[in-house]
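*Asks:* Taking the working numbering, I'd label the letters of the sequence shown as residues 16 to 438.
Please keep in mind that the hints were generated in silico from the structure rather than gathered at the bench. A hint or two may mislead.
Derived Cβ-Cβ restraints for the label pairs, each shown as a range [stated by the list, open to error]:
| id | residue 1 | residue 2 | range |
| --- | --- | --- | --- |
| 1 | 325 | 248 | 52 to 62 Å |
| 2 | 423 | 297 | 18 to 28 Å |
| 3 | 221 | 199 | 52 to 62 Å |
| 4 | 354 | 152 | 52 to 62 Å |
| 5 | 327 | 381 | 22 to 32 Å |
| 6 | 167 | 144 | 22 to 32 Å |
| 7 | 423 | 256 | 49 to 59 Å |
Backbone N, C-alpha and C fix where the C-beta goes; we use that ideal spot for every residue, glycine too.
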Amino acid sequence: MFAIPPKISSRFNEEEIFLIKDAATFQKIILVAYPHWEAYSSYLENDIWVRVTPTIDLRKQCIIVLESLGTDLEHNNTTERNRSAKKEPMEIIIPPNFINSIPEDLRKRVKEFNDSHWEMISAALILGKDFINLLKINPPLAYLIVNLEIINGTIRIYNERARLNRLIRTKQKEILSLAFLPSTGHMKKLFPKIDLKFLSRNRLLNICRFFYLQQDKSKIINKLLSHLKSINEQLIILLSYHHELIVLLSPKIIEELIVSEKFNEQVTTIENIRIRSAEVEVKFPVIDDLNHLDQIDAINKERVAFEKKAKEFPDPPYEGTKTIIPLRTEKEQISWSKAQRNCIRNLADRVMKKKSFFYRVVYEGEQATLELIRRNGKYDINQISGYGNKSVSSALSEHARNWLNENWELETAKNFPDKKNKT
């Protein structure tokens with residue numbers, strides 16, 4: 016039998032308190048109805064209660080739980096424990112009377128948002144008419160105020176009541192600035208026009224992070240925003256998940272892209288061009304017409320393929336083994352050079368001219384870089400060095416020398432079979 020702690024039950028009327036037990040998440044939850052708006056959580060097997068801010072969905076009338084609080088000791092079901100440990104959202108139904116305690120008009124306005132329902136109602140309780148009026152005239156700004164603490168850590172020094180009271184009295188331009196968003200007059204006009212259907216906490220965080228990281232390109236971004244009449248879903252998607260494209264594409268192309276019926280297909284193509292170009296460090300192509308995108312994509316593929324081929328090294332003189340592996344591309348050589356902290360990343364030109372060939376050596380837990388050069392008509396070890404150009408063990412050095420001698424003998428036998436027979 017589960018009892019509500021006296022410290023909680025004594026403060027409220029019985030009909031205002033709702034106790035929920037959920038075996039799937041191994042927890043019990045106490046919800047205190049509006050206008051008190053409190054929540055407490057505890058393990059099923061004990062009575063240690065902690066005040067929490069639950070994730071609720073007023074549309075589905077449920078609490079969203081990402082993972083369980085613990086294990087069900089009573090049933091000790093390993094399968095159930097493992098299932099609940101996965102971070103898959105689980106839903107706990109909320110009693111209708113708890114939902115109905117929220118004023119209908121407030122409930123209706125909060126349900127327009129995709130998330131942050133608990134926090135929005137909490138803000139309405141703390142701020143009263145000021146916040147409710149903001150919900151009516153500028154819902155995106157109300158949403159930003161509630162979620163600003165996850166965007167800008169400097170305001171976390173305030174508790175919820177102090178933070179909200181400060182922000183509700185702050186001008187919109189300053190709030191936009193606190194969120195790292197452009198604080199221009201045009202952005203002030205654009206922001207209230209964001210369609211709430213397409214806004215979520217993660218998307219908002221990604222957008223603000225983009226503007227924070229691109230502060231040095233603020234002129235380019237502000238120029239783009241100055242051309243826009245609204246912020247639609249496609250622009251939100253671009254800013255949230257494809258923000259690199261914002262500074263690569265012209266404002267004209269972005270304007271065309273965010274209203275295109277082929278938006279998803281075209282964004283995928285442009286992203287592939289961006290990733291492909293970055294792989295071989297070629298310049299992102301100028302896209303001046305979306306109707307030419309397929310042609311630009313095809314040319315980019317050819318260019319990248321050519322660059323990749325050009326960056327491949329000549330075949331090494333000797334094939335590798337499990338412990339001595341040739342570095343076959345400039346990318347491999349740079350990567351290994353960084354890992355070993357040596358300078359061979361700058362010697363790709365020597366390999367292209369067949370003056371040197373580099374191998375990575377991994378032998379009995381030791382790593383090294385081996386350089387072969389042509390000397391006196393045969394390949395010889397020019398240098399073998401460990402991490403940071405340090406000396407290697409005699410065992411590794413001998414292993415590399417034996418490998419080279421074996422390959423030289425095989426090469427000699429292949430090229431001069433009669434010479435071997437005479438000896």
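*Asks:* Of the hints given before, which are not true for this structure?
*Replies:* Those not satisfied are hints 1, 2, 3.
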